[in-house]
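**Student:** Chain A is fixed; fit chain B onto it per the hints.
Order-wise, the sequence lines are chains A and B.
For what it's worth, this note's numbering labels the leading residue of the first sequence as 3, then goes sequentially.
For what it's worth, this note's numbering labels the leading residue of the second sequence as 12, then goes sequentially.
Don't read these hints as lab results, they were simulated from the structure.
Small disclaimer: the values here were computed from a predicted structure and weren't measured.
One should not assume that every hint holds.
Claimed, not checked - Derived lysine-lysine pairs resembling DSBU-like cross-links, with alpha carbons at most 35 Å apart:
| # | chain 1 | residue 1 | chain 2 | residue 2 |
| --- | --- | --- | --- | --- |
| 1 | A | K186 | A | K342 |
| 2 | A | K189 | A | K394 |
| 3 | A | K92 | B | K142 |
| 4 | A | K219 | A | K342 |
| 5 | A | K247 | A | K345 |
| 6 | A | K126 | B | K209 |
| 7 | B | K209 | A | K92 |
| 8 | A | K198 | A | K379 |
| 9 | A | K344 | A | K208 |
| 10 | A | K126 | B | K142 |
| 11 | B | K209 | A | K125 |
| 12 | A | K246 | A | K189 |
| 13 | A | K125 | B | K142 |
Claimed, not checked - Footprint (simulated), chain A over chain B, 3 or more residues, beta carbon under 8 Å:
| # | segment |
| --- | --- |
| 14 | 90-104 |
| 15 | 176-182 |
| 16 | 205-215 |
The C-beta atom is built at its ideal place from N, Cα and C for all residues, glycine as well.
One letter stands for each residue in the lines below.
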Amino acid sequence: MPWNVIKVDKMLDPNQQFRGGVFHHSIPDGRIGADIRISPSEIIAEPSAEALSVMDPSEIARMPRWVIPLSECQVDLGGASGRMVFCRNKERDLTIFCEERGFAAVLGDRSGGMLSEQLHLVKKRQAGENHRFRFWLTVGAVATLLLGVIGYYSVLAAARLAIAAVPISMDEKIGSMAMQTIEKEQKLAADHPATKFVTEIVDRLKPHAAIPEMNFKVIVIQSSEVNAFALPGGQMVVYTGLLKKAETGEQVAGVLAHEMSHATLRHGLQRVSQSLGIVAAIQFLIGDAGGLLALGSQAAQTSILTSYSRQSETEADLEGARMLHEAGLDPESISAFFDKLKKEDGDIPGVLVWVSSHPLHEQRIESIAKFKSTLAKKEYGPLDLDLDTVRKSLQ
Amino acid sequence: MEVEIRNRPAFANLLVNLQPGDRIIAEADAMASMSSTVDMTTRMNGGLLRALARRFLGSESMFVNQFTTNSSGHIVLTQPFPGDIVCVELRGNTLFLQPGAFLACEPGVSLGLGFAGFRSWLSGEGLFRLKMSGSGRIWFGAYGAIFTREITDEYIVDSGHLVAYEPSISIRVGLAGGIFSSFFSGEGLITRVRGPGKIYMQSRSFDGLAAWTNAHLW
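Just chain A, same shape as in the assembly (with noise of 0.2 Å):
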């Protein structure tokens, strides 16, 4: 509480100066800083010592000092602080005003309490604006946060409809665009044997595929990166890394159909339109209206996207294993090589980011393994390619 018009008696010194101010049309600019005292019956301020330093000697002899009586005075309350006492003569064209600690306690003593009345009701006033302020400002955060909420599934749903009436054409086109922008130097010639391997597996899990016309080409990339990934349309990339790492055929057929899936499945498509429809939503929503809810929209928005990521890699899981099955193929591979890289690299940091992208590792194991039992039995074969001689052909 910045003043009390309660413990008026405390400490009153007679003679105490305040520093202020004064808006009057006399002056100059209208406005000068000023000393403020107050007599028992008048409030008087004289222009500060600041105020005088910039000040040429004839200006100082024709300024006045001035004078309210505070029998006549009209005290308000306001300013960017809330606390700044404003004191009007009759005719309201004179304004002495302080924001001093207090001022408005000697001001209410001398004036043997009327003004503090006055004050009080302007406290009075200035508290219940303040009420409503906070009072609208909880509403407002509330329902940008029910608006935001909303908006997101809307978008979502919106963007999986979309998706269905798009055609295909499209993914090819999204997916030959960003193929472009791949670093193919270092790509293996169709015949060599590691490009023959993998399309191979390709070969034999298309035609399980959701959607067995799609074009599915893949590409092999000498890399000692462990990475693999498809692109809208059916194109993919395997990184030479990832096949010197997978220990059987089955397990790079497991991480293909996991990357066929997501091409399938239109992931990548989804999160396009997705964060397009996002940022769209922001926009209609919010307008204009500063810099504090489009930082949190943004913040929301990172984290709509990994999360959104994550429930794609299981889906694309899900779909990879059930391709494995239908090609005769055991679905658990998918799991069987991010469980090798779990546990011998889990502290590479390349080899990390890739895995931390994907979901949590025990849970997408045990889904994997949910989601087999409840397939149809049927007795696994094994893949009839030889990786020795595909990694032999890499050194």
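**Tutor:** Frame of chain A, contents of chain B only:
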């Protein structure tokens, strides 16, 4: 010390003519050119903590430059964005500036940083503001033209357009209209200022520029 504000309003800059004994304090990096007879000294703006606060909370530099001369000379000071510059003479009164607006002042002026409050923050005017007090001239700039208004009662300013105001002005946040028109008019939140006192506004806002740029990026 003669100071001329040139090339107003779009690309305003200050031409300061210094005589022996004159001093002007300017924001770091504001100097565009100067006579070889002018000396520049750099000092931290009032202690490490205050300087740090000014840098990170007030969007100003940690350091300010002081220009003096033994014979005579001139310097040209500019601001980083296009827009007008105004001069205000403080005579024991105080003026609050939006972060980033300060350009230069005379030595009698003290520069501080104050918490502007959540209302100011919500209305897009920043959580902190620069507090200029003392005596002497100050020069500050804005994006676009600067116009002033003497407020006696209440007045409404769109968010991001308020550049400077006196401590006697109170600030409240409000919706531009009803819930519906506030969202769809593009006005969103507005600032209600209440006098008495003077406010300085800019004819363009940085948020407006950012929104316009974004619209052309996507």
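**Student:** Hint by hint, say whether it matches the structure.
**Tutor:** Cross-check of the supplied hints:
As the CA atoms of A/K186 and A/K342 are separated by approximately 28 Å, the hinted pair is consistent with the 35 Å bound. The suggested pairing of A/K189 with A/K394 holds, with an alpha-carbon distance near 17 Å, which does not exceed 35 Å. Restraint check: the Cα-Cα separation between A/K92 and B/K142 comes to about 32 Å, which is no more than 35 Å; the hinted pair holds. Note on A/K219 and A/K342: the hinted pairing holds, with a Cα-Cα distance of about 26 Å set against a maximum of 35 Å.
Annotation: proposed proximity of A/K247 to A/K345 holds, straight-line Cα distance about 12 Å (limit 35 Å). Proximity of A/K126 to B/K209 is assessed by CA-CA distance (about 26 Å); at most 35 Å being required, the pair is judged to hold. As the CA atoms of B/K209 and A/K92 are separated by approximately 22 Å, the hinted pair is consistent with the 35 Å bound. About 31 Å separates the Cα atoms of A/K198 and A/K379, which keeps this hinted pair within 35 Å; it holds.
A hinted pair counts as satisfied when its Cα atoms are at most 35 Å apart, and A/K344 with A/K208 qualifies at roughly 28 Å. Between A/K126 and B/K142 the CA atoms are separated by roughly 29 Å; this keeps the pair inside 35 Å, and the hint holds. Restraint check for B/K209 and A/K125: satisfied, since their Cα atoms lie roughly 24 Å apart, inside the 35 Å limit. A hinted pair counts as satisfied when its Cα atoms are at most 35 Å apart, and A/K246 with A/K189 qualifies at roughly 16 Å.
Under the criterion of a C-alpha separation no larger than 35 Å, the hint pairing A/K125 with B/K142 is consistent with the structure, at around 25 Å. Restraint check on the segment 90-104 of chain B versus chain A: 5 residues with Cβ-Cβ distances below 8 Å, three needed, restraint holds. Counting residues of the segment 176-182 of chain B whose CB falls under 8 Å from any CB of chain A gives 7; the rule of at least 3 is met. Only residues whose C-beta sits within less than 8 Å of a C-beta in chain A count toward coverage, and the segment 205-215 of chain B has 4 of them, enough to reach three; the restraint holds.
Comparing the model with each earlier hint shows no violations; every hint is respected.
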